[in-house]
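> Please build the complete structure, drawing on both the sequences and the hints.
Chains as they are written, first to last, in the working numbering: chain A, 19 to 419; chain B, 19 to 419; chain C, -10 to 363; chain D, -10 to 363.
Everything labelled a hint here was simulated from the structure, so no lab data went into it. Where is the CB? At the ideal position from N, CA and C, for every residue including glycine. One or more hints might be untrue.
[Stated by the list, open to error] Calculated Cβ distances over 12 angstroms to all of chain A for the following chain B residues: (1) Gly68; (2) Val96; (3) Met213; (4) Ile224; (5) Asp290.
[As the list claims (entries may be wrong)] No more than 27 angstroms apart at the CA atoms, straight line, and that leaves these computed lysine-lysine pairs for DSS-like: (6) C:Lys255 with A:Lys200; (7) B:Lys200 with D:Lys255; (8) B:Lys263 with B:Lys132.
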Amino acid sequence: MNLEMGEALEAFRAEVIAFLDANVTPDLVEAGAKTTSVFAPFEQAMRWQGILAARGWAAPNWPVEHGGAGWSAEQADVFAQECERRGLPPLLPHNLKMIGPLLIDLGTPEQKAKYLPGILSGEDFWCQGYSEPNSGSDLASLRCMAVSDGDDYLITGQKIWTTYAHHANRMFLLVRTSTEGKKQQGITFLLLDSMDLPGLTVKKTIGLDGFPEQCEVFFDAVRVPKANRVGAENDGWSVAKHLLKYERGGGSPGPALRRRLAALREAAARADDGMGGVIADDPAFQERLGMLEADVISVDYHFRHARGGGEPAHDPAYPSMMKTLSSETSQALSAMMIEVAGLEGLPRQLDALAVGANSGPLSDGFDMVAMPYYLNTRAASIYAGSNEIQRDLIARIVIPA
Amino acid sequence: MNLEMGEALEAFRAEVIAFLDANVTPDLVEAGAKTTSVFAPFEQAMRWQGILAARGWAAPNWPVEHGGAGWSAEQADVFAQECERRGLPPLLPHNLKMIGPLLIDLGTPEQKAKYLPGILSGEDFWCQGYSEPNSGSDLASLRCMAVSDGDDYLITGQKIWTTYAHHANRMFLLVRTSTEGKKQQGITFLLLDSMDLPGLTVKKTIGLDGFPEQCEVFFDAVRVPKANRVGAENDGWSVAKHLLKYERGGGSPGPALRRRLAALREAAARADDGMGGVIADDPAFQERLGMLEADVISVDYHFRHARGGGEPAHDPAYPSMMKTLSSETSQALSAMMIEVAGLEGLPRQLDALAVGANSGPLSDGFDMVAMPYYLNTRAASIYAGSNEIQRDLIARIVIPA
Amino acid sequence: MDLTFTDEQVMLRDSLGKYLERNYDFETRRAVVAASGGHDPKIWADLAEMGLMALTLPEDRGGLGGSVVDLVAVAEVMGAKLLAEPWLPALPGALALAHGGAGEGGAAALAAFAEGGAPIAFAHEEGRALAEPARVAMTATRKGGELILSGAKRYVVAAEIATHLVVSARVSGAPGARAGIVVALVARDAPGVTLDAYDTVDGRRGANIRFEAVRVPAADVLADEDAGCDLLNAALAPTVLALCADAVGAMGALVKITARYAADRKQFGVPIGSFQALRHRIADMAMAHQKARSTLIVTTAMAEAGACAPRDLRLLKAQVGRMGREVGESAVQVHGGVGMTDELSVGHYFKRLLAMDAIYGAGRLHFRAIGAAA
Amino acid sequence: MDLTFTDEQVMLRDSLGKYLERNYDFETRRAVVAASGGHDPKIWADLAEMGLMALTLPEDRGGLGGSVVDLVAVAEVMGAKLLAEPWLPALPGALALAHGGAGEGGAAALAAFAEGGAPIAFAHEEGRALAEPARVAMTATRKGGELILSGAKRYVVAAEIATHLVVSARVSGAPGARAGIVVALVARDAPGVTLDAYDTVDGRRGANIRFEAVRVPAADVLADEDAGCDLLNAALAPTVLALCADAVGAMGALVKITARYAADRKQFGVPIGSFQALRHRIADMAMAHQKARSTLIVTTAMAEAGACAPRDLRLLKAQVGRMGREVGESAVQVHGGVGMTDELSVGHYFKRLLAMDAIYGAGRLHFRAIGAAA
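Below you can see the structure in the form of structure tokens.
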């Protein structure tokens, strides 16, 4: 066992700090503070991605030839720490942790040349068309049809829970190209070059928190070239499974959790406890906060353990475990947030939550964010394969057949 | 809604107190304090039952013609409170809450005449032969055979988890009399007049807590008269289901839980918290204790609500809910007990735990009892239908078909 | 021991339930919430017509003299039907007026309310919620025969549509002291009263209110510093019972809706309610609901018998808050993605439960108080 | 970043694992526990032969100079195999001797131990467990060049078979103060030392020890009041890592055993491991084990890099304790009735985990300390 420490790493830290000093603008920090979801406010997240991409830091884990940074694990941690310290918004995962790595692995040379630059720079934003009204946990039962028409497919059907489709200019999606055989067969993975194609309609869905984050996407004979297919026709399920690997537990949950934990601590140090003191000094709160922090750190360490080549790196249950542990830890954290906010979490402050809003929060920023984040985070155990599905997958690996 | 209060009830309380003053001996209190299970030490529990039976108070809920006390719910509460206050051991449920009520409902006049007096007085103790090595949760798959032989059955097979079989002089059990049809058919309910019958062997099982509480019972052509059958041949499953109603949530879990909660409070008020104070003053402990007490009270109220004729009285899910809630509350309580005991819970003090032991506990009685009780109480979510089975039953009622 | 509702109570519950079923489906509620912060004068008037405003007010103050059991009986139905009308938020103000030494203005306001007029808003909460009335900190000073109020109150529901506010404040002592608390009636448009109003997550209108040297004549002081805390408790005890009943009603509805959804929604070719993990989760929801409901019913019976201590109320409030959050979280999880949307009632029930948990003191403080002393 | 064991460490783990598989099956263990409180001289000698006693002792004190990673590597295997020998309880005493200013007697005791002689018992715990060394309260006084020990220690494992005890005590300051703690070597049969020995729930022999004016010559004072707390920390930090490794090993074994049982045991005509409720429970066990193990491994790597603060150790200890109890409770539940018996190893793993959670400070104190300051 060996951890890199010392001067070289501190020199790197100085480089990161200098870069952040030069490039971080107040609206980015505001967007970070007003992030009430795993998905940061769109405009600022993409602007920040562009700034990082220009420096070569938008996708540090990508292969260097495709724009990766070639960092050591310790360097990646330093970068994450410094971003966390400034409260910067997380980058959106769709481009950088989903379609980008997928195309690097499975795209044709033409697809890579055409799409990877826009994916990395953030000029394009890709949304993910997977779920359908009757195909959630049972994704393979999807029915959105793509019919062959010469060199094109014509797509007809509906997608649901398409995050930020109203912001996207591109889309990757699963369609059914055959109804024969097992339901996992007959699925094809396609790329859409535009969200303004004839026959394509996007409808926003309002969430519990009052915001439109998810969308429904309707297809009425939408034409897509066959060249936009990833993998073979009817082999989209294996493409999707390849991608799921990135989606579930692909990135480190540590920085985002630590940032929110720090915000929780600061808020508790200000928040009256209703008994003449502040909540942070309440030993009962401290005990529970300590348990939460321990969980945050354990989840983070589980990620590091895998990244450091330990047993989890070879554990087929690892992605499902990371997805389950990180989602439930974020939910526990969000529950302590509304506990600290108390009554101040009850006003609905949608206007003030917009980046650049004219009005400030009724009490403070933490109180304003707590309830929307808590409500939004209920989805963490539902999307990307519900936690029930994840536990099924884990059990299948752990229990001998 | 109406609660009985006032002078008549207080007069009754005075009567109870006078009775307890006259009849409670130190060994009974010692047995109460050294109860590390839902099952109190055998000898004292039965002696106490005998004392109560002589006064007509051993089975207050039984029909008056069979020896019940005809108390109101409030009177039953007063009696339970006063017993709880003195830390008296709970009576064993087998006679009074299981076979007794069953025979009152389903026994023949001869069976009632023959058995009820000994059941009530505690002269007899009945153990329950249900589970078998491969028939636990799936009780109906039991295979202990009873073969007809003239006016008798000959029983061959094995029972397991037979609580206090080594103390019992009688037994009620389920046997298989037919292997045709569904497994629930072909089961018969029998009464054994003795545990010393030829071919019958009892073997004690040592539990996690180091004590023999459960037994295995082996049958090798044990002869039982057919007159000892309850219900029809092959109809034992419906007899057993009738009895299960009493077993699951039949009695109030309140007094035992409250008594242990009070002991926990007292111990926490003495126990150093490792930081210079006592555990009872630790706000974090207080918060969790408050949550536990609230659960104890809610479970108790759920029982009272049913007894007071409210909705739960008519809810088919009520027995399963009471079994689940009370077992899990007792487990949560036991976990706080070992937390308070800390290191002092680790010595194994089997000798000192015997009623009338020459040696005292290493630290105090609470510390001595905490770990065995915690370990023993793991069984609460397993026996009498595991809590998984109970939740299945509840779901079957709550979720529309 | 009888823990059932009387025939009259059952009838009242039934007729309220039927009224709301006919006139207040989820889409109607959505429209009322969107248009006017949850208050529709027609529905309000109908509720008054049923006697619900006057229900527990004393007969000599224009009320029906109903018991806390009556209150609980109807509040549970309101929760089950997700009623956004500020009936519950108006309760403590009305009770304070009814049991305090209200002058002519107060009597008139109360009489108007009882007949379906404007609610009397209860301006009491401070900070992140008061776990007990004795924690009131906002200051009041005496000047001549008048009381001068200065400070702020948080989360005053229905203040915008109220003509009057019932305000708690402290003339002496430190927060935590029972003595020194006064309760006053203040016109909502009195000089020095400023509202900062907002929508709430549970579809109501709340307001933070500032009081700048607001003058209260002696006749509008409902309780002076010897009696203030008791009056607040007298107003809050039935309110907390009703609030818990409302929450229990909401929980019951969530259990039903979720169980129904699990039976209907199919994935992998079978109803999701056939999966044991979801079955057990729904069983846990049903148990949480039953546990909360039994705690409510027995505590209500104790209150009716005059044997309900503040500790009993704390316990009920904290349990209902905890169970409510559990049930709400599970309802969303079982519904999956669709449970995360504004479209279904599920999320609205859930937010109602969250709001009820937050008001009148966080659960952790109540639990700790229970744990601190037997 | 490399978080794997070296080839040498893997080999050591393998050879220890194979040795225990061959020589220490569950029935052998049961016999050793019943006959002699978990200590068999033959097994002890074999472990010493493998270098396990000398493993992390400094080379200039007769040790192999191994790292904390070595320690963790072997301790995990011992936990997985349920080793009842007092290797772990003997660790802090030996480390204190190795790193403290031991005189001739101490050096001889340490050398004997390293070669497979008697363990050095660690007489440190007080009350219901010390969450940090600074809480030591037992008093010592100086008289001439000697130290006089008076007071009591609890839960000293392997004291009966030890020739020496390492004892912590306080010469000045109040419990909680880092200064004022001394560490002394005391012969187990020194005048004034009285043992009250007992079996422990996890199959070991413990003792409560009374010290009545026990005289310690200056040469046997391992650390004086400026250095005592640091010496205790130096002895305890590797011990806590090893203890957590042992517990993680036990958890891993429980996950495997339970998953196997679920696959084999049938009810309702199918393996119980086909029921989703049990499947999910086993998935949770596996996650708890992985979470604890990753916390162990990363903390160990930090310790190896000299970057492990007391807070990091607290966090590990508390997490492992919590996860261990969860895993143990679930293992029993999945096994059902048979899991409640003394017959299966399951309950013995479980009790080992409970014992490890109780020693060196309750989880609640560690969690609170973590919550109190970032």
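> None of the hints should be skipped; say for each whether it holds.
Against the structure, the hints come out as follows:
1. Gly68: 47 angstroms, holds
2. Val96: Consistent with the label, Val96 (chain B) stays out of reach of chain A, its closest Cβ about 35 angstroms off (over 12 angstroms).
3. Met213: 40 angstroms, holds
4. Ile224: 29 angstroms, holds
5. Asp290: 16 angstroms, holds
6. C:Lys255 with A:Lys200: 18 angstroms, holds
7. B:Lys200 with D:Lys255: 18 angstroms, holds
8. B:Lys263 with B:Lys132: It holds: about 24 angstroms lies between the C-alpha atoms, which stays within 27 angstroms.
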